[in-house]
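Q: One letter stands for each residue in the lines below.
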Amino acid sequence: MSVIRVPTPLRPYTEGQKEIQINGGTVGEALKDLANRYPSLKPHLFDETGSLRPYVNLFLNDEDVRELQGESTPLKAEDRLMIVPSIAGGQ
Amino acid sequence: MTLYVPGRLLEQIWAHAEASYPEEGAGVLLGSVEGEERWAKQLLPFANHFAPESRHNRYLIDPRDMLRAEEEAERLGLDVIGVFHSHPGHPARPSEFDREWALPWYSYVITSVQGGKAVESRSWRLTADRQQMQEEPLQVQQDQLT
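Protein sequences appear in the order of chains C and G. If you read the first sequence in numbering that gives the first Met the number 0, its first letter stands for residue 0, the second for the next number, and so on. If you read the second sequence in numbering that gives the first Met the number 0, its first letter stands for residue 0, the second for the next number, and so on.
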């Protein structure tokens with residue numbers, strides 16, 4: 000199983016869990032496994048069409064999955080995924 | 000719901016805001032959490048990655064910097080508890096753009112910079128319905144003399 004690390008703003012939707020063991024052969028499958036186990040997390044990760052929201056960044060062992068194969072990126076058992084939010088604002 | 004910030008960290012927030020002037024400066028707060036109370040313990044100032052022509056009223060933290068912040072928090076046994084940024088020439092209150100981009104839970108510390116000098120910092124959190132930013136008390140802790 001791989002591990003996914005959840006940032007603080009999303010932990011209220013994962014029962015406070017910081018790190019979660021997930022199943023899946025690809026990044027997309029792992030995210031779906033996560034969303035199925037924590038349904039209230041789903042709308043914060045995916046939009047109405049099922050696409051990953053633009054402010055959700057995923058790093059696989061420190062590499063941005065958008066620069067790999069996106070949600071099709073293969074996952075190995077020892078891999079570590081991190082969900083990292085985009086942060087912006089201004090006056 | 001209160002955010003406690005040591006005086007030395009507030010000084011660093013103001014220094015980053017003044018050094019970034021007339022552009023917005025931003026960074027991340029690391030700290031500990033107990034219920035609705037948060038204690039800032041470290042801060043990580045970052046470069047503003049918004050398009051150069053808009054940095055006077057916009058900021059963007061590079062996702063790779065956020066990744067570094069998460070890793071640093073993990074290393075120190077802390078959490079990312081919020082984000083700080085400056086408003087050059089504007090009050091320390093969130094704009095509509097701030098609200099639209101805000102994430103739930105985080106503390107958003109905004110510092111007003113007037114004429115190049117930081118004058119006030121206030122902290123805000125997004126309400127659960129995303130409709131507004133609610134002010135949370137920002138309590139500055141006097142640093143202990145050793």
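These are calculated hints, taken from the structure and not from any lab test. Please read all numbers here as calculations on a predicted model, not as lab measurements. Just so it is clear, CB atoms sit at the ideal spot from N, CA and C, and this is done for glycine as well. Treat the hints with care, since some could be wrong.
Calculated from the model, a selection of chain C residues having no Cβ within reach of chain G, i.e. all distances over 12 Å [said to hold, decoys possible]: (1) Arg10; (2) Thr25; (3) Glu28; (4) Asp32; (5) Tyr37; (6) Asp46; (7) Leu67; (8) Glu77; (9) Gln90.
Derived coverage of chain G by chain C (criterion: at least 3 residues anywhere in the stretch with Cβ under 8 Å from a Cβ of chain C; other residues may be distant) [unchecked claim]: (10) 56 to 62; (11) 65 to 75; (12) 78 to 85; (13) 97 to 103.
Q: Name the hints, by number, that the structure is in violation of.
A: 1 and 9
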